[in-house]
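A.B. asks: Protein chains in written order, with the numbering used here: chain A, 1 to 164; chain B, 165 to 304.
Read the hints as simulated data drawn from the structure, not as lab findings.
Since the model is a prediction, treat every value here as computed from it, not as a measurement.
Note that CB positions come from ideal geometry on N, CA and C, so glycine has one too.
If a hint is listed, it holds; no wrong ones were tucked in.
Computed far set for chain A versus chain B, every beta-carbon distance over 10 angstroms:
(1) K18
(2) N23
(3) G78
(4) L151
(5) L163
Here are the simulated lysine-lysine pairs, DSS-like style, with alpha carbons at most 30 angstroms apart:
(6) A:K110 / B:K173
(7) B:K173 / A:K58
(8) A:K45 / B:K173
(9) B:K173 / A:K30
(10) A:K20 / A:K30
(11) A:K58 / A:K45
(12) A:K106 / B:K173
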Amino acid sequence: MGWNTTSNFIRVSDLMLKEKQKNYFLNNLKKGLFNGLSVTLLMVKVIIPCYIIIELIKHFGIIRVIGNFFRPFMKYFGLPGEAAIGIIAGYTINLYAAIAVLSPLKLSTKDITIVALILGISHSLSVETPVTQKTGVNSWMLFCLRILLSLLAGVGLNLIWTLF
Amino acid sequence: MDIILTALKNSAMLTGQLLLIILPLTISYEFLKHKQKTLEEKTWRVFGITQNGLVPLITGVIIGLTYGAGVIIHSIRSSNMDKREAFLIMLFLSICHAIIEDTLIFVVIGANGIILVAIRFFLAFIFTYFAYRWLFFKKS
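Construct all of the structure, not just a fragment, from the sequences and the given hints.
C.D. replies: Below is the structure:
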């Protein structure tokens, strides 16, 4: 009798545990999906306007003016002048804006990799600088260091890429 | 009008590609969050960063500063760590963070992902090492 009740108890608790694990799995899945979709919504709000603006600028030839203006600076990175718009968008807004700007420009693998390195080191500074500040670290120093380092990394990668 | 339509179509396609990357990532972040406690038990020390710094470091490298902000701020503040250690962690993270998402996003539009990851890790290690030497051996 006693043995029977214990085994029943074990079986019930086992079932409860399984149910709990299933819930845990489903909850994580649900939360992840929800987060992913909200990120995508945020992304769509940035990507579509940026893409349309860049296509319009390209169509009316304004992009050539901007490109010519930035060409002397972008020369050091081995990039066309137009890529400056993507870098500025990445620095100030976020990476999705930068991608929406860079995608219609049809750059080469080398150019995209250099831009990606620059933007990977410092991007969405308006959001991430407050985060570094809240940890109690000197955020101004990190902010300057990130911009400087990203530009240096861009120049360095361009040099390495052209050497090999 | 034609330009706007093609721009809409292309940007929708780009969003679709990015969605395929982001959904699996956000789902795996949720599962990763529950594994954090097992990491805190080991004791080690590299470049002045101790086991207290491991959670913010790993969270930042994988998830990034924007979505991992809560975890990073909380774990740095709650563990009463040295200010120098916090600086080293943030230095490493500012160079090398959100390594999966950032890289994949740029691979979609044609970048070389291996070079990106390798250079960012390399730079992060070099700078953290020199900052560590400078901060921890200044007095002696």
